[in-house]
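Fit chain B with the ligands to the given chain A structure using the hints.
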Amino acid sequence: MSPAKEAAAEQAPILTLDGISKSFDLGKGKTLEAITGVSFGVSRNEICVILGPSGCGKSTVLRMMAGLETPTSGDLMLEGRHIDGPGRDRGMVFQAYTSFDWMSVRRNVEFGMKINGVPASERRDRADHYIRLVGLTKFADAYPTQLSGGMRQRVAIARTLANGPELLLMDEPFGALDAETRWHMQELLVEIAESTRTTIVMVTHDIEEAIFLADKIVFMSRHPGRVKCEIVPEFKNGKRITEKEKVIDLDGYSEIERQIMRLMREEGAKD
Amino acid sequence: MSESVSAPPRRRHFLEVRKPVSKRQAVLSAIAIWVVFFGIWAAASASGMVNELLVPAPQKVLFTIYDLFAERAFAADVLISIMRVLIAFLLASIVAIPLGVMMGSFPAVEGIVNPFVSAWRYLPAPSFIPILLMWFGTGETPKLALLFIGVVFLLITLVMDHTKNVRHELVETALTLGANRYVTVRSVILPAVLPEIVIAMRQMLAVTWTYLVIAEIVASTTGIGAMMMRARRFLHTDEIMAGIIVIGALGLIFDLLFVRLHRQLFPYIQEKRR
Ligand SMILES: Nc1ncnc2c1ncn2[C@@H]1O[C@H](COP(=O)(O)OP(=O)(O)OP(=O)(O)O)[C@@H](O)[C@H]1O
Ligand SMILES: [Mg+2]
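Chains as they are written, first to last, in this note's numbering: chain A, 1 to 271; chain B, 272 to 545.
No lab work stands behind these hints: they were computed from the structure.
Owing to the predicted nature of the structure, the values given are computational and were not obtained by experimental measurement.
There is no bait here: all hints are sound.
Below, a sample of chain A positions facing chain B; criterion: calculated Cβ distance under 7 Å:
id : residue
1  : Pro86
2  : Met92
3  : Ile115
The following residues of chain A were derived to be distant from chain B, with all beta-carbon distances above 12 Å:
id : residue
4  : Gly74
5  : Glu79
6  : Arg81
7  : Leu133
8  : Asp206
9  : Lys228
10 : Glu230
11 : Arg265
Backbone N, C-alpha and C define an ideal beta-carbon position, used for all residues, glycine too.
Okay, chain A solo, but in the shape it has when bound:
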């Protein structure tokens, strides 16, 4: 492939959302329009962050990408295939701990590969690789209940990545962590995105986290939930920087932070 063609392939979105709406049936004839007309695309190797106030439908959108929720109308496509139900090509990391407590860290990480029929020796190698990547080699034989919150979340990330998904979906994965652990995990995620070239869609309501991680921010507004705007942090010049303070020091950081805070405040005023 010529460099130009390669660049074009990078640009074309592998994941597209086309006019997605979702209303929940609340019973007694009432329905809740959670999101309406949500359309955007995610390119290969991109880190796309969905940001917005609480209740705007971020989780709903992400869960539809995972196939855990079906849209009332509209269509989701991953690499030209309609998304219909969950599958191993879209791995999900939840905010709550999802480690399988009855398995060691290694068996947790091997789980996805095991149920998908990956041979034992390959499974072990790949598990070792991803356990090393998230820095848990010393704890490979420990049970998740022996680990801290941040370590458990790293187990979940390693388990998802080891399964080789095309898309890594994360719903406020660091929401329950303390500030320092959170910041380590964000840096780790940038490193992982660089070394595994996985496409990542992450939901957060932390502005700083969004600006640090995102190649593109999809900002959602609420009542009903829709895409308000897409923000590309141009100031990073398309580079990924693994040290958080360096990003904060860059020209243009505070400007984009202010812009997003204004958007958030407008949303808050709706209450």
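Coordinates of chain B with the ligands only, in the frame set by chain A:
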């Protein structure tokens, strides 16, 4: 090495909110309560405050236990009682655990089975004794059937409820890792709920003992309960009390076995966070 100035140790109160006590204190407390119990009993007997015919002295009851086992083949009765409990409990578990897990995993199965089970659960099992005796005569079958009926419906409900409580994120994680429905139930829901199932079994085993005594008192010539009913006819209160103590001791032993089993099967639950 310099002596470090240490703060005086904080005085530990006897009552500390949710602070575990030492192993030594736990054992001493357990012994103490029984010493007090037997002490009061022995004192009441010795002082003649109670009718010796109705409340024999503890040492007499203990001797009777020894005598029953050594001279009067009580072990055979105990053994048959244990066998009844174990067989009925095993059959109930074989039915209830798979069914309960299926009901807790698949609402469609719950929709079929639960309307049936929840009705049976409210029927007191002993109300079936007359009809069970008519159907099955006097052999082992009616006793086993009573124990089975008394336990199985409760156990199904308990297992179902615990299965429903398995966190939905675990199920969704399995699905997004590519698990199909059956793998999700077998490899995630079942191992996640298993510790709770073992606890439910422990609770239901105690219930099985209750029904055993009812069955043996009402409709049996063998077993611990039948021995106690025979003793009543001859006003042998010491034998009745011996029976009660043996049943209590057996219940305690089975309970401890279940605690051990739980610890063996689920070491990850016992592990403390570093
Ligand atoms: N299963 C459901 N049944 C009914 N309503 C739902 C359901 N899931 C979500 N909703 C509603 O849809 C709206 C969007 O919810 P969603 O969880 O997607 O928001 P969110 O942006 O992720 O919020 P947060 O930042 O607080 O996590 C909310 O009003 C919520 O109450
Ligand atoms: Mg959410």
